[in-house]
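The hints should help you fit chain E onto chain C, whose structure is shown.
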Amino acid sequence: MKIHLCLTGIKTIILDCNNISQYSVFLINSALMNRRDIMSAVNPDQYSYPSVFIYGHRATGKSHVVLSIMKDLELPHASVDCVECVSSGLLFHQVLSAFFGPDAAALLPRCPSLSDFVRLYKQMSSNSPATQTRYIILDRAERMRDMDFSLLPALLRLQELVNDNVTVILLSEIVWEKFRPNTGCFEPLLFHFPDYSKGKSLVQILSWDHHPSYTPELYASYINILLGVFFSVCRDLRELRHLAVLNFSKFCEPLEKGEAKESDIHKLWKNIEPHLQRAMQTVYLREVSSVQWEQQQMDEKEATTLRVLSAHAHIELPYYSKFLLIAAYLASFNPARTDRRFFLKSHGKIRKTNFLKKHEKTSNHLLGPKPFPLDRLMAIFYSVVDSRVAPTASIFSQISSLVTLQLLSQVGHDDQLDSPKYKCSVSLDFILAISRCVCVCVRLLDLLALSLVIQSQVVRQERSLFTAVSNLHLL
Amino acid sequence: MSKRRSLTEAQCVSLAQKLLRERLCHQKLPDRPLALDSQYKHLLELLRRTAVHGESNSVLIVGPRGSGKTMLLGCVLRELMSLKEAQKNVLLVELNGLLQTDDKIALKEITRQLHLENVVGDKVFGSFAENLAFLLEALKKGDKSSSRPVVFVLDEFDLFAHHKNQTLLYNLLDVSQSAQTPVAVLGLTCRLDVLELLEKRVKSRFSHRQIHLFSSLSFAQYVDAVRSQLSLPPDFPDPKFSDAWNHSSYTQSLFPLSAFTAGIFKPIHLFLSVSRVSVSHSTLHEADLLEASRLISADSKAIILHGLSILELCLIIAMKHLNDTYDGEPFNFQMVHNEFKKFIQRKSHSIHKFEKPVVMKAFEHLLQLELVRPVDSGVCKVQREYQLMRLMLEHGQVMEALQRYPQCPTDVKQWALSAFA
Numbered sequence: 001m002k003i004h005l006c007l008t009g010i011k012t013i014i015l016d017c018n019n020i021s022q023y024s025v026f027l028i029n030s031a032l033m034n035r036r037d038i039m040s041a042v043n044p045d046q047y048s049y050p051s052v053f054i055y056g057h058r059a060t061g062k063s064h065v066v067l068s069i070m071k072d073l074e075l076p077h078a079s080v081d082c083v084e085c086v087s088s089g090l091l092f093h094q095v096l097s098a099f100f101g102p103d104a105a106a107l108l109p110r111c112p113s114l115s116d117f118v119r120l121y122k123q124m125s126s127n128s129p130a131t132q133t134r135y136i137i138l139d140r141a142e143r144m145r146d147m148d149f150s151l152l153p154a155l156l157r158l159q160e161l162v163n164d165n166v167t168v169i170l171l172s173e174i175v176w177e178k179f180r181p182n183t184g185c186f187e188p189l190l191f192h193f194p195d196y197s198k199g200k201s202l203v204q205i206l207s208w209d210h211h212p213s214y215t216p217e218l219y220a221s222y223i224n225i226l227l228g229v230f231f232s233v234c235r236d237l238r239e240l241r242h243l244a245v246l247n248f249s250k251f252c253e254p255l256e257k258g259e260a261k262e263s264d265i266h267k268l269w270k271n272i273e274p275h276l277q278r279a280m281q282t283v284y285l286r287e288v289s290s291v292q293w294e295q296q297q298m299d300e301k302e303a304t305t306l307r308v309l310s311a312h313a314h315i316e317l318p319y320y321s322k323f324l325l326i327a328a329y330l331a332s333f334n335p336a337r338t339d340r341r342f343f344l345k346s347h348g349k350i351r352k353t354n355f356l357k358k359h360e361k362t363s364n365h366l367l368g369p370k371p372f373p374l375d376r377l378m379a380i381f382y383s384v385v386d387s388r389v390a391p392t393a394s395i396f397s398q399i400s401s402l403v404t405l406q407l408l409s410q411v412g413h414d415d416q417l418d419s420p421k422y423k424c425s426v427s428l429d430f431i432l433a434i435s436r437c438v439c440v441c442v443r444l445l446d447l448l449a450l451s452l453v454i455q456s457q458v459v460r461q462e463r464s465l466f467t468a469v470s471n472l473h474l475l
Numbered sequence: 001m002s003k004r005r006s007l008t009e010a011q012c013v014s015l016a017q018k019l020l021r022e023r024l025c026h027q028k029l030p031d032r033p034l035a036l037d038s039q040y041k042h043l044l045e046l047l048r049r050t051a052v053h054g055e056s057n058s059v060l061i062v063g064p065r066g067s068g069k070t071m072l073l074g075c076v077l078r079e080l081m082s083l084k085e086a087q088k089n090v091l092l093v094e095l096n097g098l099l100q101t102d103d104k105i106a107l108k109e110i111t112r113q114l115h116l117e118n119v120v121g122d123k124v125f126g127s128f129a130e131n132l133a134f135l136l137e138a139l140k141k142g143d144k145s146s147s148r149p150v151v152f153v154l155d156e157f158d159l160f161a162h163h164k165n166q167t168l169l170y171n172l173l174d175v176s177q178s179a180q181t182p183v184a185v186l187g188l189t190c191r192l193d194v195l196e197l198l199e200k201r202v203k204s205r206f207s208h209r210q211i212h213l214f215s216s217l218s219f220a221q222y223v224d225a226v227r228s229q230l231s232l233p234p235d236f237p238d239p240k241f242s243d244a245w246n247h248s249s250y251t252q253s254l255f256p257l258s259a260f261t262a263g264i265f266k267p268i269h270l271f272l273s274v275s276r277v278s279v280s281h282s283t284l285h286e287a288d289l290l291e292a293s294r295l296i297s298a299d300s301k302a303i304i305l306h307g308l309s310i311l312e313l314c315l316i317i318a319m320k321h322l323n324d325t326y327d328g329e330p331f332n333f334q335m336v337h338n339e340f341k342k343f344i345q346r347k348s349h350s351i352h353k354f355e356k357p358v359v360m361k362a363f364e365h366l367l368q369l370e371l372v373r374p375v376d377s378g379v380c381k382v383q384r385e386y387q388l389m390r391l392m393l394e395h396g397q398v399m400e401a402l403q404r405y406p407q408c409p410t411d412v413k414q415w416a417l418s419a420f421a
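Sequences listed follow chains C and E, in order. Residue numbers are given in the working numbering: position 61 of the first sequence equals residue 61, and the series is strictly consecutive. Residue numbers are given in the working numbering: position 242 of the second sequence equals residue 242, and the series is strictly consecutive.
Read the hints as simulated data drawn from the structure, not as lab findings. No false leads were mixed into what you were given.
Covered stretches of chain C (chain E as the covering partner; in silico rule of three or more C-beta atoms under 8 Å from a C-beta of chain E):
{"no.": "1", "stretch": "111 to 119"}
{"no.": "2", "stretch": "179 to 189"}
{"no.": "3", "stretch": "195 to 202"}
{"no.": "4", "stretch": "232 to 240"}
{"no.": "5", "stretch": "277 to 287"}
{"no.": "6", "stretch": "365 to 374"}
Remember, predicted model here, so these are calculated numbers, not experimental data. Don't be surprised by glycine CBs; every beta carbon is placed ideally from N, CA and C.
Chain C extracted, bound-state conformation (with noise of 0.2 Å):
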């Protein structure tokens, strides 16, 4: 099958679809893309024009496009990635090489400034004049924003600086308007690739992938339950593909079994559906790792809890420690002054005012957790410990290790010895999990009930509220 590419109206460009990958021949016969715009504009036989700036979504074909049209057409061109430019000699370096061979780029100087690779450039240019266009494609350009503030104005005016038919092609996911430098620079071609629809691209393309001993609808209908869970939350096409392919062998499973067979949707949906759930709570969010993800699939008889990365049940912890931090926990997010209500034996006349001042009610919740000094800590820690513990340094060393395990953080100077202060670095559910490893007392359960009550901003009558927690010193 060949495709007809018409450029500037002469030339009929013809493509072998042999060659090039299933991909870009979807790529150039949709009409999504606005390719011809492309190829007219950057066209290699006459002067085109000194900078073109392509921006669009993560996985739309941005480099693979430009970089098939390079190699088919076979024009001479460098493909640059600014992640690995550390330094812009390095830029320098693979630019010279791609063009005018290694030689040329070993006669750079040891930190290359631009105006020795213009002039380099200018020195072999004038040698071996182009008779085509050369382009030069950087891809990943936001990178290039960190680099020397006059190395994006330079290149994107290139062709006249040094006086020769070249295209500095840019690629990106982030708008021009956020690359423009203050003074304004030569403003480049803008072009968009458009991201994918649901339902004709996104399915197509998934599809051509299928396993050959399945039926291409069985698989298409397999891609369908799959967007229906994560077309929500994601529309980038290389974490779909991932997550197709790893997740498809649960998929079949009731096939080989015999369980059911391909024309039952309804069966395998059931089957796959809560399996895809629990792969978007841990392999779409890297907490394990593809590797684990298919061994747990593999010798899943039992439902066995996957051990994942931020998982809070295996992270082991001394006795004190846990009550160190659901302490410490207690201290940055119920404000000071309600400590005394909550935490002293004796308590003294309950009043009736609100002890929550309307500014904390929101302050609480949102806002994180606030400093605490280490008295404090102790003092609510002592408070919160059922049995009496005597203030040895064991018990302040593993404040120390909690800071390095950065469930607390340090606040202000490392030197400040006399009244550390910390912030609790755990939400919430972690501390529940914790405090239901600990053989907590009720009153506990209760003391973080009473700060989930604050934090949900729900309070009840104060009244019922004062009772509650003047019984619970009593007890």
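Coordinates of chain E only, in the frame set by chain C:
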């Protein structure tokens, strides 16, 4: 009956494309720059005085991007070099602020362009001034009475003002004032306040001569300018084709375009329309120009919003509501998640509850697209969920993107339109 075979249509199109591309992309110098006559004469006169009579001068050419500074200079230099006396004597040194980012690099470049590398050899100079004086001394002719005039062209002049101590500028302008060597210093810049950037000692040595290039064209002049840029020259081999081309009517479509062209001499939209010309479509139509202007004026952020997932869109709507409620104060992820949860619990039917880490991943994708930016960019000791951010989109952009979003669920749209979240 002409003996010469007329060119085929395709060859005509290709030749027309070649000529126009050379003019539009490659910035080929026209015979005379449009609408810049007085500035042209002024500059030419100044340079003639330096080249022929040996007077030192300094001048700044100031104008916004695309107003024709480099083009004007190119035309003037071309005419200058056609004068017999100038051709033999004048040396040209071209420096660019983007390339020569340091005074040392600039000095090396000057040495190279004056072809004095051998003369300098391995000498070490104490200061910039000594080096420059040595170079200019070396240019003196045999009888040491007069020296060849040098024209220094400093492109992106404002960037030279950011060098340390502005030594290059100081020394060049000093030479231009001290009447030893006839030197002309020409600066080109797009900043109108460039004189504020100069130090006092540099500013006092500058002659304060400025040539401003502000394009103040009426619409009729603009139309003429565009026509002259797009028309084929009279010596085109196929006169019938060039007639048809030059008389194609597209004046009507130029009116909306005249409002936002960046500079008359950097015509992106003209280029885009020219590039659409092919065998099947061999003259320029209005539709081409309008299509080109539509492509240029498209809002790229709204286009990016089109490709987001529904969860990410809901997060953006939640942020928009937070902005409306709290008058643009920065928010953090916890607040956005809170808003989103309120929506899920009360109003939504189609979107089911997602776990917090999944929502966090969607939020981080928005961070990577730079639609949301942290207030203090830098490493903070605050947890990720509590770091303060701002939304980089306007209310109007979000609403417009929502209209164009494919298969947007109605409850999400209703939520966006409601005044109370």
